[in-house]
Structures are given as structure tokens and as C-alpha cells.
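Trainee: One-letter residues, chain by chain:
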Amino acid sequence: MTVIRFNSGTLEISGLPENGSPPELSSLLRFDERTGSFRARACDYAELIMGFIKTQTPFKDLAKDYRKLDDLHFKQTITPRPHQQQALDLWKRANYRGVVSLPTGAGKTILAMMAIGELRRPALILVPTIDLLIQWCGCIEKFFNIKCGMLGGGSRDIREITVSTYDSALLNIEFIGNRFALLIADECHHLPSSENRLCGAMAIAPFRLGLSATPELSREYTAVMDDLLGKVCCDIPITELTGSVLSNYHVRQIKVTLSGQEAADYRHNRNIYTAFLRRAAIDFASNSAWSDFLIACARYPGGKEALRAFITQRHIARAGSAKISRIADIITRHPGERIIIFTADNDAAYTIGRQFSLPVLTHHTKAAERKSFLENFRSGQYPILVTSKVLNEGVDVPQASVGIVVSGSGSVREHVQRLGRILRHAPGKNQAVLYELISAGTSEEAISERRREHSAYRRK
Amino acid sequence: MLKREHLLYRITSPYIKPRFADPASVPLQELADKLICLYSGGAENNLSRHELSAASDGIIRNYPDVKVASGINKLLLDRCEFTAAEDVDYPAKRQEAFLKSAALLSQGVTAIDELQKCAGGIDLYGDLPDFEKLSDFAPLTTADLLNRYNLALPQGLLLNAVNCHLEIRNADNSELRKLLKSIKFFRLMGKFTAVGKKQIDIDISGPYSIFGPSAKYALQLANLLPAIVNLTDWRFTAKIRIKERELTLKLSPENHLVSHYRNLAAYIPEEIRLFHRVFKEKSPKWEITGDTPLLDGGNQEIIFPDLSFKSLESGKICHLELFHRWHTAGLSKRIALLAQKPDLPLIIGIDRALVRDEAGFDALFADAPQIKERCWLFRDFPGVTATLNALKRFERSSASK
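First to last, the sequence lines map onto chains A and B.
Residues 1 to 460, numbered by this note's numbering, are exactly what the first sequence covers, in order.
Residues 1 to 401, numbered by this note's numbering, are exactly what the second sequence covers, in order.
A hint or two may mislead.
[To be verified] The calculated DSS-like cross-link candidates involving lysine-lysine, where the alpha carbons are at most 27 Å apart (straight line), are:
hint : chain 1 : residue 1 : chain 2 : residue 2
1    : A       : K304      : B       : K67
2    : B       : K181      : A       : K304
3    : A       : K304      : B       : K250
4    : A       : K304      : B       : K74
5    : A       : K60       : B       : K133
6    : B       : K282      : B       : K316
7    : B       : K67       : B       : K93
8    : B       : K181      : B       : K316
9    : A       : K429      : B       : K372
It should be emphasised that the hints constitute simulated quantities derived from the structure, not laboratory data.
Go ahead and model the full structure; you've got the sequences and the hints to work with.
Mentor: Below is the structure:
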């Protein structure tokens, strides 16, 4: 009798003769000389089982270690919005496997709750940050009569419905990959990276749901996502929900002029840096440019000065004094509103936090304070929150109506996600505004052009 | 472990060669000494990360090869423990400051000078990692540090390893056993090939590696290297992927690498010592043998028994394998193997943490009820009486065959 076992994130199939596997399944199976048995990827579990049934191969399934959650029920009724119902229907039609692309604030979490309630089977939810881990757990316990498991942020409590960061899942999936029937990947554009993809590949979950506002990826990563989660089965653009489900918004780009001394310092340091790049023949169009630059800095004469010059000119462009005073102007213009200030790095975030005595949320912020910052921001006790990257994705702060991008990368995804933070509807919120501060005459102008290549920005 | 920016190597395609440091170099020893003194003294004086970094920067910059010095410094940093900064309740101070600034903002005050005053003269973020204090440092000798550095260079390269191949020559059983235990401990798998009578080749990778190159097991491979270095006669080859290129790393005893893994063979945990003593007292018919061999389960399955017993009457040997709470994956497989190979002289102790209850224990043997009498449950470590009972059942069943 053929026996299927879950073994360290793979499926081990014993009892099949080396040259006797059904031809229909040969693409899924590899003969493993190390164990003298066949092996398959855990993510191919459903296909494998279906294949055994179709080919009438008798088998015993010792891999699956979950059961239907008959006692699971909603504590609170969900009345789905039309676009959420449409997304769920399309996902079901795609055999419960696929990616749903909805703009930030359109209720992806609610959709996931609907999916869990529909299937009533153990689920593993992958999220990119600890803030999202806490938020998802709160949501599970709010909607279901169940205690939610947490994996990550110092917690290792695995339950029938468990939320995990991608990082923690990667460490544990080879042990727990057979305990869940449903895999939900929040901000699923994180899944295809060369390491994270194993979170999907080492889980047997036959049902899979990917959620993202920005699922656009390179061809290679799209293929990985299609393989591990299924193709995009529902795609609703931001423009379709603006004004109804999402707030109306404006994007204002403000160019600030560096002060005389800062402009001189910027030019001086920029010249040192670019001259070094030319000498070391580093082409920033190549993928390895950044590591090439660091290696060259350690290896060639003048490297240390070039690195220092690079850091200095970047700091001036990202958080020069002109930007700081412009932040004060914007705050004055929005009394009583909730404002999120985004920076590209922690240094700039803490500089602003110290100057204005404002809460700063970075990966250094401990869990208890992180929670209190977000709660106080939501309640209005803290009207302004400064963050580098941790609030870029997913975290639910619907009260925020103003975003100030002090600095950022050239990533379209990062920019769209930041816009998404202020788009959620909340009582009393009519209009959201995203300010983008650019130091004129610096490399920031080109970076800004790159990150604005999205319909959400072309619209206004 | 060293980070990418600390790694020193030379590429002579298709090979990648670590640039090992010379532990006998006087300037290098002086550098190592200075850094060890800095961290030892830093722990006594509770220096902050920032202070340590400023002081170590000075030492590193004065050494001709900054990359070597930074790498050695990194290994020392890994041996440090830091605790939170000053005796100030920063979260409380921050909360106070944020409420004050919120009040000012609500009155339309956005002047930086005014808002800054809310902090009450302290650095609001004075508890960031830079301000943490060095509370403990695990000291080591200069020679140990330099040996550790030389081993860390190939370990760092192995973080990009796709697979590796090991040739072991003239190894005795105990050497082999230690290595195989390490492979198992790091959850790696090996394809073993005997080459003649005195050489064993092992292709080492992880279970998922069969589906394509994956760096998933790279850290485990890196951690295995000190165990390999402890062998007497070995050749190690790894495929390293760097900048889209696949390069070959070759190592052998000629590289004079020294392992920092302690030889734990001499250490006997208290529960085992106690087990041995009570067993001797209670068992006139069985004795614990000093040597516990590896058992060949077939199909590349090697069993590492925890203890071996010899019947004083029949001379029969029986081995005991323990499945602790961290051994879930292998248990059902072992029961299936015993069902297939009932002649294996093996009894199995199972930690109660692995089965929910007696019904769960029974369920393990649904397909092989005859194996149940070879197994029993224990809590933390098996008792002597239960072990003797299992030996008695084993002897009875083997006599009836």
C-alpha cells in the first residue's frame, strides 16, 4: 500500500516501486535515492491525492494532520460589501486557489474572514510584519469563537487558526506545514522571494488565498506566485472604489529648496560620490550595484570617503532643514487631523520625532509601545505618528487623513501602500491628502518620478 | 557568524577560496588581543554599544586590513550580551512628552523650539540599541578567536551553499557516529556511498533540495562545518552561489581549521548516570554495553540507538532508541520500519509529549500492532523498570521465533 507522509516540508511517498509510479503523477514525484522512496513538494499535496484517486492507486494518507472545525462559527455577522462578495465568489470559482487584488482599505481582512468561515478548516495566515500579526489576531478573535495562534514577535503559540510572520513561518513550516488546510498570504507579493516561497512550497494546504493591493511582480515571481497560490482571480483597481468604499484623495508634490549651505554640502558630497562611482566603474543599472559599491568602498583608495559622502548627500536630500520646516507648515495646515509622516530610514524618523516630540514607530519599537502608539493614534490622543517603513503595509489606521512622505525609495509598491494608509473610510473623514516632499535639484527628483508610475498617481 | 561584507575570498573560476588569516601573525594577534581587552573591559564598565563601536572603530581603522579587523570584531560582538540603557523609564517619559506635544499641536503650536521642550531635556529615544549597555561578554583566548575567525570564513560562504559533498577516510565508528548525529541534529540528509573499505562519501543537503537548489539549508550546512572539521581525514566540497555564479569551495585538513564544537563524549548527563547505576542494581540478567553501534535500517536509514544492552544469559544484544518531544517526524516512520524489519534488535521509548493519551499511543500501532510490545511511554527519561520489562518482552518474542 502506498503511504504518504509529511516529512520536513515535503511529502514522502513509500510503497511505490522505483519505476512504478503512475505516469500521470510523474511530474509531481521525484525518486529520492537518499531514502529509497518517492518525494513530492508539500504544496502539490492536493494534486497528488487527486491523482491517486483518479488513477485508482490505493493509498494511505498520513500526511494531513488537520480536521474540519465543526465548532467554528462567527461571533459577529459579516455583511459583505458587493466587491467583497464578488471577490469571494471568484475565488471559490477558481477552486479556492488564487490571488485577490483589492486596494488598501477595501476590506481584504474581512474577505479572509469570509473565506475561513466558508471553509471552516484550520488556517495559517502569513503576514509581513509584527504589527499586522497583532492586527490579524485581533480580527480573528473578534469575528470567531476561537483563540488565535501567534507565531512571531516572540510568540510561538500554534493553534487551529494561526497568524505568522513570513520570517517565523519560514523557520517553522517544515514542522507545521501539514496542520493547515487553508493558507492565506497577506501582502502576498512577499511570498515569491527566494526564501519566503518555501512557506508556500512546504505547506500542504489545498486551499490558498493571496491578498495584495499591489500584486504586480516580475515574470519569474509571477510564475512562483501562480504556482504557490494560484493566478489572480479578482482584480479591483483603486479608482473603482474611490469615493464609495475608499476616501477621495489628493496627491500634492512639494519641491523644497535646500538652504545655501546645505545645497553646497550636497553638491560637494555628491561630486565625491559620483566621481568614485566612475573611477570604480560601477553601473547603477545593474542589480548588484549596491553591493559592488560597498565592496569597492572597502577595496579602493578613497572608498571610505566616498561612502561617507554618499551617506551625507543622501541625508541632506532626505531630511534637510527645509523639509523639516515644511513639515511644520503642513501640520499647521491640518489642525485636528490625524497625520502619518513617512521617512525612508530610521535616522530621519528619529530626527523628526526628537524635533517635534512625536511618537516614532520603527522595528526598534517594542511590542507594548507599538500597540499603545497605534491605539493612541487611533483614539486621537496622539495626532501624529512618524514611521520609516513599518506602517507601509497593511496596518489599519482609518482615522489617518494626511500622509507626508518626507523621503522614500523609488518603489511604486511602497508609494501605493503609503497612499493606502490614508484611504480607508472613517466617520468624519471627507478627503485624504498625501504630500510628497522632494528636495529640488537632488537625486530625489528622479526617485520620485520612478515611484509615481501607478494609476493611483496618474489619476490626480 | 560573519556577514557578507566581512567575507574575504578569492575567486579563481570555478573555485572560491577563503583568504584565511595567519594565526601566528604578531600584528593580527595584537589586534585580537586589543579587541578582546576592549570587550572584557567593556563588560566590566558597562559600556554602551555606541561607546564600544567608537572604541572598536579606532582599533579597526588602525589595522592595515579593515575587513579582517571588522570580521574579528563581529565575532566578538556575537559573544556580547546587552541590556537596556539607563535607569530611566523611557516609555513613560515618552508618553508624557507626546501628550504635551499633542496638547500644543491642538492649540496650533508647531514651532520646533516649543515642541522640543515637551521632552523635558532628555533624549526621548535614549533607549535605542545604540544606547544599550554591554552586560556580559563570553571571553576566549586570542588563539581561539583567530581559529574561530578562520572557520567563520568558509562558514560565511556556506550561507550561499546549494549542496555539499564530503569524503571521509579511515574513520572509526565513534567519529562517524558523531558526524551522523550532527547531520541528524541539523535536520540534514545524506546520500551515503561506500568507496572501497575505507572511504565513505556523503552528499549532504536538505529534504527539499531534491526539487531544486535552495539556500534553505545553508545555515544548517554552515553549522555542520565545525563537526566536519573534527574528523581526522576528510575532503569537503560545496557549491556556492555568489552573484549568479556557481563556484566550488574545497576544504580539507590542509586548511588547518579548528573546530569550536566541544567534544561532548566525555560528558554524561545526570539522568543517564542515574539510569546506569539503578540499572546495574536492578538487573541481574542484562548489562549496558559500552559501545552503541549504528544500525542499518536499509534505504539509507541509519538508526542511532541511545543505549545498548546485552543479555548475560543468551548473549543477545538489544538496542534502545528514545523518541523525545522534538522527534515527532521520525516516530511513525520508525514503527513502519520495525514492522518491515522485525529482526532489528530494537526497542523504543516514546516521550509522553508525543502522544495525547493512551488512545493516541494505541493509534501509533494501528498498522503494526505487533510492534506495540517493543514500545513504551516515558516522561522526560525512561525508568529502569519499564526498560527491563521491554527487554523481557523483546527476549520472549525473539525466543519464540
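Trainee: If a hint holds in the structure, say so; if it does not, say that too.
Mentor: Going down the list of hints, with the structure as the test:
1. A threshold of 27 Å between alpha carbons decides the hint, and for K304/A with K67/B the separation of about 12 Å falls inside it, so the pair holds.
2. Between K181/B and K304/A, the direct Cα distance comes to roughly 46 Å. Violation of the 27 Å bound is thereby established for this hinted pair.
3. Note on K304/A and K250/B: the hinted pairing is violated, with a Cα-Cα distance of about 33 Å set against a maximum of 27 Å.
4. Of the pairs offered as hints, the one joining K304/A and K74/B holds, with about 19 Å between alpha carbons and a cut-off of 27 Å not exceeded.
5. With a CA separation close to 57 Å, the supplied pair K60/A and K133/B exceeds the 27 Å bound.
6. Our distance criterion of 27 Å between C-alpha atoms is met by K282/B and K316/B, whose separation comes to about 19 Å.
7. Taking the CA atoms of K67/B and K93/B, the gap is about 41 Å. The hint is violated against a cut of 27 Å.
8. With a C-alpha separation of about 25 Å, the suggested pair K181/B and K316/B falls inside the 27 Å cut-off, and the hint holds.
9. A C-alpha spacing of about 68 Å is found between K429/A and K372/B, which places the hinted pair above 27 Å, so the restraint is violated.
Comparing the model with each earlier hint shows violations of hints 2, 3, 5, 7 and 9; every other hint is respected.
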